[in-house]
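Undergrad: Let the sequences and hints guide you as you build the complete structure.
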Amino acid sequence: MRQRDRLRVGGAGHGDFDHPGADLRFREDAEHPGGPVIALLWLVIVAVPLLVLFGATLRTQDDYLDNGPLAVPDAVTADNYLSVFDKGFATALGNTVMVTAGTVALVMVTAIPAAYAIVRSPSRIVSSGFRMFLLGLAIPMQVTVVPIYLVITRLHLYDSLLAVVLPTAAFSLPVSVLILASAMRDVSEEVYEAMALDGANSWRVLLNLVVPMSTSAISTIGIYSALQAWNGFLFPLVLTQSAEQRVLTLSLWEYQTQFGINVPGLLAAVVLSGLPIFIAYLFARRALTSGLMGVGGK
1 MRQRDRLRVG GAGHGDFDHP GADLRFREDA EHPGGPVIAL LWLVIVAVPL LVLFGATLRT
61 QDDYLDNGPL AVPDAVTADN YLSVFDKGFA TALGNTVMVT AGTVALVMVT AIPAAYAIVR
121 SPSRIVSSGF RMFLLGLAIP MQVTVVPIYL VITRLHLYDS LLAVVLPTAA FSLPVSVLIL
181 ASAMRDVSEE VYEAMALDGA NSWRVLLNLV VPMSTSAIST IGIYSALQAW NGFLFPLVLT
241 QSAEQRVLTL SLWEYQTQFG INVPGLLAAV VLSGLPIFIA YLFARRALTS GLMGVGGK
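Per UniProt numbering, the sequence shown starts with residue 1, numbered consecutively.
Hints listed in this document are in silico derivations from the structure and should not be mistaken for laboratory results.
There could be a bad hint or two in this list.
Across the chosen pairs, the derived CB separations fall in these ranges [stated by the list, open to error]:
(1) Met98 to Ser188: 15 to 25 Å
(2) Met98 to Asn208: 26 to 36 Å
(3) Leu135 to Val44: 38 to 48 Å
(4) Pro113 to Gly260: 50 to 60 Å
(5) Ser83 to Met132: 46 to 56 Å
(6) Val52 to Tyr281: 14 to 24 Å
(7) Arg131 to Gln241: 18 to 28 Å
(8) Arg154 to Pro113: 24 to 34 Å
(9) Arg120 to Val76: 51 to 61 Å
(10) Ala105 to Tyr192: 19 to 29 Å
(11) Val48 to Leu275: 18 to 28 Å
(12) Thr110 to Leu40: 38 to 48 Å
Only a predicted model underlies this, so the values are computations on that prediction, with no experimental measurement involved.
Note that beta-carbon positions come from the ideal geometry of N, C-alpha and C, so glycine has one too.
TA: Shown next, in the form of structure tokens:
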């Protein structure tokens with residue numbers, strides 16, 4: 001009873017806090033009184049551009065040009081969303097999905113065994129190779145465009161989706177291996193020894209122990225590599241040419257002509273192209289946050 005009395009704050013006028021977590025939240029609010037105001041301000045900063053973006057997609061081109069982007073629409077129309085599919089949006093969406101799926105699969109297949117080998121190998125050569133591997137984080141992809149173009153043409157992969165998948169996955173690997181290696185180091189050595197006593201080989205330990213205990217990190221690199229592939233522009237621009245291999249980022253150019261830009265139609269295409277990856281983020285945001293926080297804590 002005395003412990004419950006200690007948790008009561010301020011008497012009846014301030015309410016009763018019967019749970020230690022409630023007392024903790026009360027103290028945090030008292031220490032940071034401006035937190036809710038800052039959060040509300042940040043929400044406004046983020047939400048207003050999105051509302052303007054979505055509102056512009058429901059307007060005609062004449063209405064947008066005559067009244068400006070912030071005006072209330074004279075009439076709401078969905079023609080911009082319907083016209084998107086007349087400009088090859090479905091083909092570009094399918095190509096982007098294939099590039100994204102291929103990139104994520106390639107990153108998973110290569111990054112998970114590589115990170116496991118780095119964590120479990122006692123060799124200094126492997127450790128030094130890992131440090132050299134991380135130098136890829138310091139190399140801008142723009143610097144490698146010409147060598148990559150020459151390699152792709154020598155392999156006769158130019159103007160194919162595979163030509164986009166390979167370099168995109170390569171540039172996603174350094175961050176992916178770093179995140180996975182950080183997560184795999186958290187697995188207790190005693191657990192590894194117990195698996196070894198059961199006669200488990202390296203592949204069994206990886207598949208039955210390490211992978212299930214690294215799901216947050218795996219989800220993180222999956223989302224990261226998917227974003228890299230979905231939003232990629234440079235490699236599709238340089239390594240593809242035909243309309244059949246066009247991805248979403250390149251299809252947005254269709255709204256620019258010699259007479260101007262169809263801004264509402266362009267924004268409608270932007271909304272539709274960003275919707276799938278946004279939905280995927282909503283389902284995996286907790287795993288993404290957990291994986292990134294784990295790396296930051298090392």
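Undergrad: Are the hints correct? Go through all of them and say.
TA: Consistency of the hints with the structure:
1. Against the hinted window of 15 to 25 Å, the Cβ-Cβ separation of methionine 98 and serine 188 comes to about 40 Å, which falls outside the hint.
2. Between methionine 98 and asparagine 208 the beta carbon distance is about 31 Å. The supplied range of 26 to 36 Å therefore holds.
3. Range check, leucine 135 to valine 44: Cβ separation about 41 Å, and the 38 to 48 Å hint holds.
4. Between proline 113 and glycine 260 the C-beta distance comes to about 51 Å, which sits within the given range of 50 to 60 Å.
5. For serine 83 and methionine 132, the Cβ-Cβ distance of about 50 Å falls inside the hinted range of 46 to 56 Å, so the restraint holds.
6. In this structure, valine 52 and tyrosine 281 meet the distance hint of 14 to 24 Å, their C-beta atoms being roughly 21 Å apart.
7. Under the hint 18 to 28 Å, the C-beta atoms of arginine 131 and glutamine 241, about 38 Å apart, miss the expected range.
8. Distance hint for arginine 154 and proline 113: a CB-CB separation of about 27 Å, consistent with the stated range 24 to 34 Å.
9. Arginine 120 and valine 76 have their C-beta atoms about 59 Å apart, which keeps the hinted 51 to 61 Å range intact.
10. In this structure the hint that alanine 105 and tyrosine 192 lie 19 to 29 Å apart at CB holds, the actual value being about 27 Å.
11. A hinted range of 18 to 28 Å holds for the C-beta pair valine 48 and leucine 275, which are about 19 Å apart.
12. Range check, threonine 110 to leucine 40: Cβ separation about 44 Å, and the 38 to 48 Å hint holds.
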